[in-house]
Structure formats: C-alpha cells, structure tokens
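**Student:** Sequence:
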Amino acid sequence: MEKVTERFFRYVKIDTQSAHNCTKTPSTPGQMELARLLKIEMSEIGFTKTTLSEQAYLYGFIPGTDHSKAPIGYIAHLDTSPSVSGKNVKPIRFRYDGDDILAANGSVMIRESSQLSAYTGNEIITGDGTTLLGADNKAGIAEILTACEYLIANKNTLQYPDIYVAFVPDEEIGHQLEYIDLDTFKSKIAFTIDGGEEGEIEYGCFNAYNCTISISGKNCHPGYANGKLISSIEIITIFLNTLFSQKISPNESNNDMGYIHVSSIDSNEQIGQISLIIRDFTEDGIKAKISLIETIITDCKLTMSKRFNENDFTITASYNEEYKNMESEINKHPHLMDTLKKAVIKAGATPILKRIRGGTDGSALSSMGIPCPNIFTGGINFHSTGEWIPVDSMEKAVKTIIELSCMI
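Numbering-wise (our numbering), the sequence shown opens with residue 70 and increments by one.
There may be inaccurate statements among the hints.
Label-pair distances were calculated between CB atoms; the ranges are [as the list claims (entries may be wrong)]: (1) D169 with E247: 39 to 45 Å; (2) D250 with F163: 52 to 58 Å; (3) Y293 with I340: 28 to 34 Å; (4) G167 with H89: 34 to 40 Å; (5) N324 with E75: 49 to 55 Å; (6) T253 with T385: 37 to 43 Å; (7) N157 with P132: 24 to 30 Å; (8) P132 with T367: 19 to 25 Å; (9) N90 with K401: 34 to 40 Å; (10) E247 with S154: 22 to 28 Å; (11) N324 with G292: 39 to 45 Å; (12) S154 with D335: 33 to 39 Å; (13) Y293 with S154: 29 to 35 Å.
No wet-lab data here; the hints were simulated from the structure.
Note that beta-carbon positions come from the ideal geometry of N, C-alpha and C, so glycine has one too.
Construct the complete structure from the given sequences, taking the supplied hints into account.
**Tutor:** Have a look at this one:
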C-alpha cells in the first residue's frame, strides 16, 4: 500500500489547475502532462490497453478474470481547482501530534478540530500552506492505479470483471465528461473516486446552473454627471444588497439546503457582469432560485426607473445548466449502494451515506444512463491551502476499490 502515497507525491507536483474561460480542452497543459505520465505507468503495471485523446481523456482496460460479471468502471479527474494555486506543491507527510498545524511561514494552516484530532498519532499529508494539496483528485488517481496494480498482480487468485478506467480533464470548471468516449469506456456501471473523508459514499449531488447577470448603464464625465450618469456599479450594488438580504449564500447553507453564490464581479461605469452559481438538490429548488433572481432584477429595474429613463440602462440574466443530480439514476440500481457499503466495511471503514454538496463526473455519467456513485478518497478541506489527507484513509480507499471489484 506504500505505493499509493508514492504515486500521490509524484502526481501533486505537476500543476494541473484548470482555467475558466478557456475555449480548448484541456484548459491547461499540465493536465496533458499528467495524463501522459499516467499512460506510461498504466502500461507498466499491466493495463492491456491505454488510449489518450487529444483532449487529455485517458482510458485504460484490464481484462477480467470472471466474465460472468458485468464490467465495472472507475473515474477520477486530472485537474485541481482554479481557486487556489496548484503550482510548486510541496507535500509533507508526518505523524499528527494533536496541535494546530503550521504553514511554512509559521502561521496556522490547519486549526485543531474534532475532525483533525480523530487522527492524532496517525500519519497525514498536507501541503506547506502556500498551495492546495491536490488530493482532489490526485488521491483518487493514485488510489485507482494502486488498486488496479494489485488486481492485475493477483489475477490468478481473484475474481473480478473487465475493468475500465478513465482519467479526465476540467472537472473543476464544470466540463464534466464533455468528450467522454463511451465506445472506449464501455462499462455500464461506474464509480468516481472523488469523495472526501474516510467512509463517505455519495449517491446524490446538486443540480447545478450557472447564471450571468449583464448590466449596461450610461457613462459620462463625472464632473458633469448630475442627472445623467447611470453607473453599472450602482445597479450591481442594488442587486447584490437585495440578493444577500435573502440569506441564501453558501455560508448560510448546509445539509440539504441549496444556495446562490456570487463567484465573480467585473464592472466599470458603463457595463458590468455578475457571475452566479445556483445549486439545489431538487429541480423545484433550482426553479425557485431562478425565479428569485428574476424578481430581484425586476426590483432593480423599478428602483432605477424612479430616477432614470428605463431605456437608458439594462439588466438581463442568462442561464446555463452545468450538471444534474445523479440520485434518480442511482436509485434505479439499489444493489450498487448495497455492494459498495459492504466493500467499505470489508476495507475497514465505516460507510457514511450522503449527498455531495457539489458535483462529480458521476453526475454526467449518470445522466447518460450509467449509474455512478462517488467513493471517498480520504481528503479533507478541498480547494484550500489547508487541504490534508490521512495516509490510512488512502489505503482504505484502495482496499475499497479492490473489494468492490471482486464483489460487484
């Protein structure tokens, strides 16, 4: 099992941050660099076939030892979040002593908590506090390949089906399986290894929409602006004040609640843009949040029209669906979750069934009629400089994949 951490250390040192507003796939060259490395490693450990597309979709195939079983698939993504630097990651492995964990500059990187204290005396891996760690999702990649290496090495004694593996780009920017080739990835059931804390298995996720609010005003010289200047920034301020008063932001949302998140603002006096992400576990919840946005826009127009000609400014919204909740498709196949729970237990972990408050590539695959629950990697505090992962949890993720492959 030591190989899982060796692989992980190797992978996190390649910068694979994805990039928003890029028209090509992969959105960054580091993802292709990692894919090429993985292709070599997959051939070395015994995959009988590997294929790498120009979009950095890497596929691997392992022939099964029991052809009476349906093929199984495993997926992880190559990219890390664009929100926090993934360049020059310096992974550090140590035995946690129960105190706050300090960054390289002496500041507190990870504060002591009940979650962290549960691993006192155990080995964990962190970054140095200047970057994310990259457990999301390079831990998943390392765990899949370590499990596959074990299965191949023990093919004369283990019974498992044909196994298809896919490592894919740009999950973090919402391009879930945009170029997946189902003629190459032939499994009709699959699992993403993209979850969090040890034991977590996720059967549902958010429905996700993006929203762009476009604003135009009327600029003029500020010295002569009385009664003339219609600032896009002022309109944005009115919109945001109303939105935030609804207490529907991510920092006021938990459990099964959805949210509307302001992800970016770009504006001058003449034109402006607000980028929103809309999340909810139900379609009705999504519709309600879109309706709320439209109501706020109407209110903004009324407020501004009391002072200015309504033909001199605009506020419009456009919406784009990003992914769907995978729960309905997974519920059609109850044996998958039952088998997965048994595999987690056999691997020495306690199953924690939950919906993920995010999305995975499994949501896209489930939308294609291929049920795809999400399995833990062991990682905690994703998308932050305080990201960390227990070594023992990584090893249990590997064991879960091995057990699941033989039990499915």
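**Student:** Does the Cβ-Cβ separation between S154 and D335 fall within 33 to 39 Å?
**Tutor:** Once the Cβ atoms are compared, 21 Å apart, the range 33 to 39 Å for D335 and S154 is violated.
**Student:** Is 24 to 30 Å right for how far apart the beta carbons of N157 and P132 are?
**Tutor:** At 40 Å between Cβs, range violated.
**Student:** Can you tell me whether the CB distance of G167 to H89 sits inside 34 to 40 Å?
**Tutor:** 39 Å, holds
**Student:** Within 39 to 45 Å or not, the Cβ separation of D169 and E247?
**Tutor:** 41 Å, holds
**Student:** Has the hinted range 37 to 43 Å been met by the Cβ atoms of T253 and T385?
**Tutor:** 41 Å, holds
**Student:** Determine whether the Cβ-Cβ distance between N324 and G292 falls within the hinted range of 39 to 45 Å.
**Tutor:** 53 Å, violated
**Student:** Can you let me know if the beta-carbon spacing of D250 and F163 is within 52 to 58 Å?
**Tutor:** 41 Å, violated
**Student:** Using the Cβ atoms, figure out if P132 sits within 19 to 25 Å of T367.
**Tutor:** Given a distance of about 60 Å, which is not inside 19 to 25 Å, the answer is violated.
**Student:** Using the Cβ atoms, figure out if N90 sits within 34 to 40 Å of K401.
**Tutor:** Holds: the Cβ-Cβ distance is about 36 Å, inside 34 to 40 Å.
**Student:** Could one say that the CB atoms of Y293 and S154 fall in the range 29 to 35 Å?
**Tutor:** 45 Å, violated
**Student:** So the hint says 49 to 55 Å: do the beta-carbon atoms of N324 and E75 match that?
**Tutor:** 38 Å, violated
**Student:** Given the hint of 28 to 34 Å, check if Y293 and I340 actually sit that far apart at their C-beta atoms.
**Tutor:** With Cβ atoms ~20 Å apart, the hint is violated.
Of the numbered hints given earlier, the model fails hints 2, 3, 5, 7, 8, 11, 12 and 13; all others are met.
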